[in-house]
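Number of protein chains: 2
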Amino acid sequence: MSIESRLWRLAAHPKGPVEPSDFSLETVTIEDLDDGQFRVAIEYIAFEPAMRSWIMGRDTYVKGVQVGDVMRALAVGVIEESRHPEVEVGQRVVGNFGWREHAVASSMRDFGGIRAVPEGTPPTWPLSILGITGLTAYFGLLDIGQPKPGDAILVSGAAGATGSVAAQIAKHVKGASRVVGVAGGPEKCAWLTEVAGLDAAIDYKAFTDQRALTREVFEQFPDGIDVFFDNVGGPILDAALARINNHARIVVCGAISRYDTANPGPGPGNYTTLILKPGPMEGFVGLDYASRFGEAARELADCRADGKLTHAEDAQAEFAKAQAV
Amino acid sequence: MSIESRLWRLAAHPKGPVEPSDFSLETVTIEDLDDGQFRVAIEYIAFEPAMRSWIMGRDTYVKGVQVGDVMRALAVGVIEESRHPEVEVGQRVVGNFGWREHAVASSMRDFGGIRAVPEGTPPTWPLSILGITGLTAYFGLLDIGQPKPGDAILVSGAAGATGSVAAQIAKHVKGASRVVGVAGGPEKCAWLTEVAGLDAAIDYKAFTDQRALTREVFEQFPDGIDVFFDNVGGPILDAALARINNHARIVVCGAISRYDTANPGPGPGNYTTLILKPGPMEGFVGLDYASRFGEAARELADCRADGKLTHAEDAQAEFAKAQAV
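Residue numbers (the numbering used here), protein chains in the order written: chain A, 1 to 325; chain B, 1 to 325.
Read the hints as simulated data drawn from the structure, not as lab findings. A quick note: this is a predicted structure, and the numbers were derived from the prediction, not measured. Check the hints yourself; a few may be wrong.
Remember, identical chains collapse to one label, so a pair may be satisfied in a single copy or spanning two.
Claimed, not checked - As a list, the in silico DSS-like pairs of lysine-lysine whose alpha-carbon atoms are at most 30 Å apart: (1) K148 <-> K277; (2) K321 <-> K277; (3) K174 <-> K277; (4) K148 <-> K15; (5) K15 <-> K277; (6) K63 <-> K205; (7) K63 <-> K148; (8) K308 <-> K321; (9) K205 <-> K174; (10) K205 <-> K15; (11) K321 <-> K15; (12) K321 <-> K174.
The following block holds chain A by itself, in its conformation from the complex:
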């Protein structure tokens, strides 16, 4: 029996801020399964910072999403019907299914590789703490940031999906002496110190000029910064660059402040500190670490179970409604 199913396609590459009109909702008919096929009913779809670059029409470390493509996303669902001998109804799976309600596959190698979600793992975790953002935090902090016990570490976007994992691993797993998170507003800052257990938080919205923000960074780091895990760019990057120690590592994970605007403003003038305080300012591509995803996901799940790591999830209902949250 065929079913109706909805999906979202990219309708336009955004110029400036992303608009609902950059996507179009479509209802399609999914026919009866053929022999060897199985169908996944999607439960949760990941919402990732990386999407911002996927939809710009450029190929980066992955091919860009083109106009007319189903919007790319990691998603979790349950096998609701199977005519495949090795795929059982009821199994929960994660794969690169995109923005759709149902996905039909004929191999676990479809959709970029479909993986079973282990029994006991909450269904949203493969999209959050064990998903792209959690793995990005893990490899960026450990492989680029290389935190050592006693290091003083600054994380921007620290209340975000990636930053919060990086900051907590630094503080509770890697023995940093001081971890300070940057976030916008008192509520996020309170979460950073009271729930995530960081040493301090900087509410960037409370510092309207560069000089005041830089002064705050100096006060928060009387002995300088050893690792800066940056998700944001802009004023906090310049302030951090002014305070790095010799052989500091600057992890260029993202630049949120520069994505959603046609005019992102000047780059970090203080990059010249690198001349006198040698140390890498370096980006990374999570996919380069694909061979270690399993190891990393197990360690993250253990840290989460031990209480060394907490994370907040924000699940939005209403598949058909393209609204900013």
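Position chain B relative to chain A; hints supplied.
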């Protein structure tokens, strides 16, 4: 018998461009040597890019030069009188003697370590190709840039003392497939291709806007940039960042375009390329490699003797005249 001798002291930390009035000339009397002392008659004084930061009044990887201090500089001279049992008159030496005509020492450990200039080495080489600029090029290119055979390499400030050594080592010693130098004006550019043997030169003065310069960099590097050795910063850094390959290395050696001005302009907006094209953007401090200076100087001297490396020197006379050259 006492002698008269002149020296220059720092008179003020420059604000904006360096002015002759930032230095003061003084004539001092040097008394007869005591037992154990020896006196060096200075022949050549090095003129280094690093001086620009030494005189700003800040401590960096070395203590800043303070107002009233004799201006710091590496210099070469000849022992003209000695009452030290192990120091022979006529020996040529190099040391951190500063801007003075005569230096009196009582140990070869004075003046940051006085070293004999080997027989057969031209007297200016310890201040140029075997001096701070040559060693800076050597360690910056090899340890930070890590050039591999077949790499495409861009060097800014390529006609300068440091850039010219980095570019030639890349091209003639390390097997780069393509080395392009950036310099100002047709004369320097002709030197880069015709004398230094680079593949091409970019005359940055011929490109008045960022877009045109970036287009030129794209044309010069159809397969992207693997190593950018940057002495300059500013527009060429932004253009290079736009064209780097995955796992490129950006050597932040200097930022000439930003030193001699009170208003250095925006930082490199294209640093965000690092997020998608992972690879380090990294500075270094030559002094960190002090234990390998001997090895490096021998290799540089051999390359110079083999004709793999050429360098131009600009010797100015008139110690007492503080004029820009």
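Taking the hints in turn, this is what the structure says about them:
Taking identical chains as interchangeable, the C-alpha atoms of K148 and K277 lie at most 30 Å apart whether they share a chain (18 Å) or sit on different chains (26 Å). Taking the closest pair of Cα atoms, K321 and K277 never come within 30 Å of each other, the shortest separation being 49 Å inside a single copy and 34 Å across copies. Taking the shortest alpha-carbon separations for K174 and K277, both the intra-copy value of 23 Å and the inter-copy value of 27 Å come in at or below 30 Å. For a Cα distance limit of 30 Å, the shortest separation of K148 from K15 qualifies neither inside one copy, at 41 Å, nor across copies, at 39 Å.
With identical chains, the CA atoms of K15 and K277 are at most 30 Å apart between copies only, with a shortest distance of 23 Å across copies and 38 Å within one. For the homomeric pair K63 and K205, neither the shortest alpha-carbon distance inside one copy (35 Å) nor that between copies (37 Å) is at most 30 Å. Taking CA atoms no more than 30 Å apart as the test, K63 paired with K148 passes between copies only; the shortest distance there is 28 Å, against 35 Å inside one copy. Taking the closest pair of Cα atoms, K308 and K321 never come within 30 Å of each other, the shortest separation being 36 Å inside a single copy and 66 Å across copies.
With identical chains, the CA atoms of K205 and K174 are at most 30 Å apart within one copy only, with a shortest distance of 29 Å there and 49 Å across copies. With identical chains, the CA atoms of K205 and K15 are at most 30 Å apart within one copy only, with a shortest distance of 26 Å there and 33 Å across copies. Proximity of K321 and K15 under a CA criterion of 30 Å is satisfied intra-copy only: 21 Å inside one chain copy versus 58 Å between copies. Taking the shortest Cα distances, K321 and K174 never come within 30 Å of each other, neither inside one copy (41 Å) nor across copies (58 Å).
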